[in-house]
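Going line by line, the protein sequences match chains Z and V.
According to our numbering, numbering within the first sequence proceeds without interruption in unit steps and concludes at 149.
According to our numbering, numbering within the second sequence proceeds without interruption in unit steps and concludes at 149.
Possibly wrong hints are sitting among the right ones.
Each computed DSSO-like pair below joins lysine-lysine, with the alpha-carbon atoms no more than 27 Å apart [claimed, not checked]: (1) Z:Lys56 with Z:Lys43; (2) Z:Lys101 with Z:Lys56; (3) V:Lys110 with Z:Lys43; (4) Z:Lys43 with V:Lys43; (5) Z:Lys107 with V:Lys37; (6) V:Lys43 with V:Lys101; (7) Z:Lys43 with V:Lys101; (8) Z:Lys56 with Z:Lys110; (9) V:Lys56 with V:Lys37; (10) V:Lys56 with V:Lys101; (11) V:Lys101 with Z:Lys56; (12) V:Lys43 with Z:Lys110; (13) Z:Lys56 with Z:Lys37; (14) Z:Lys101 with Z:Lys43; (15) V:Lys110 with Z:Lys37; (16) Z:Lys101 with V:Lys56; (17) V:Lys37 with Z:Lys37; (18) Z:Lys37 with V:Lys107; (19) V:Lys107 with Z:Lys43; (20) V:Lys43 with Z:Lys101; (21) V:Lys37 with Z:Lys101; (22) V:Lys110 with V:Lys43; (23) Z:Lys107 with V:Lys43; (24) V:Lys43 with V:Lys56; (25) V:Lys101 with Z:Lys37; (26) V:Lys37 with Z:Lys110; (27) V:Lys37 with Z:Lys56.
Simulated from the structure, these hints should not be mistaken for lab results.
Protein chains: 2
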Amino acid sequence: MRDKAIVNEKDATFYSVAWGRTKSLVAEGSPAISDKVQVRITEYLPGYVHTLHVHPTQDEIIFVLEGKGASETKSGKQEIGPGDVVLVPAGVEHATYNPNTEVLRAIIIKSPPDSK
Amino acid sequence: MRDKAIVNEKDATFYSVAWGRTKSLVAEGSPAISDKVQVRITEYLPGYVHTLHVHPTQDEIIFVLEGKGASETKSGKQEIGPGDVVLVPAGVEHATYNPNTEVLRAIIIKSPPDSK
Chain Z
34 MRDKAIVNEK
44 DATFYSVAWG
54 RTKSLVAEGS
64 PAISDKVQVR
74 ITEYLPGYVH
84 TLHVHPTQDE
94 IIFVLEGKGA
104 SETKSGKQEI
114 GPGDVVLVPA
124 GVEHATYNPN
134 TEVLRAIIIK
144 SPPDSK
Chain V
34 MRDKAIVNEK
44 DATFYSVAWG
54 RTKSLVAEGS
64 PAISDKVQVR
74 ITEYLPGYVH
84 TLHVHPTQDE
94 IIFVLEGKGA
104 SETKSGKQEI
114 GPGDVVLVPA
124 GVEHATYNPN
134 TEVLRAIIIK
144 SPPDSK
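I would like the entire structure built from these sequences, with the hints used as guidance.
Shown next as structure tokens:
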């Protein structure tokens, strides 16, 4: 029976990535999976960077919950902080920096989701 | 030039809906628009309900930021609160209730976005 799925972000487990740690809310590794969109919480650790990269087919949204950092694309590097929502269209090279001493915590939405 | 767009949720303006109010972060009405996914913040006001309805083609995600309420589908009505992430797959009839005295504030993600 196709029905809703409910998860709580406190129950999701972080795993390490090169720029900090991330956990799946609606994505592989969570009981809630969509074939249209994925949602994670990512913590960019102080001094870390998610270096320039491109998602050829996925739009990405970075919704900052806590902390400050910077979002870089070819138009330059802009400071981001709480409440900022960054839309990175598919094919746009981008990087995310946390040069500060506090964690940069964000909801990361990608559509379509990562392929397995 | 295709590039990122940055908006801050504090700069977005609420408009009224039958169950409270909502504002566009990545959606029509915002400078940030994706053809793959939309993101809004919705406040379900105390005593209000977004009655049973279906999105035939859109997956919807309700990420609760503040307050408490309930999410209903055919499997029943579950209480939801801060940190809860509800995935409602396309075609699943659902309702959202706020029977409490505090606002139920949530990020609402839909993919694909609403058609114009």
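Which numbered hints are broken by the structure, listed smallest first? 17 and 22
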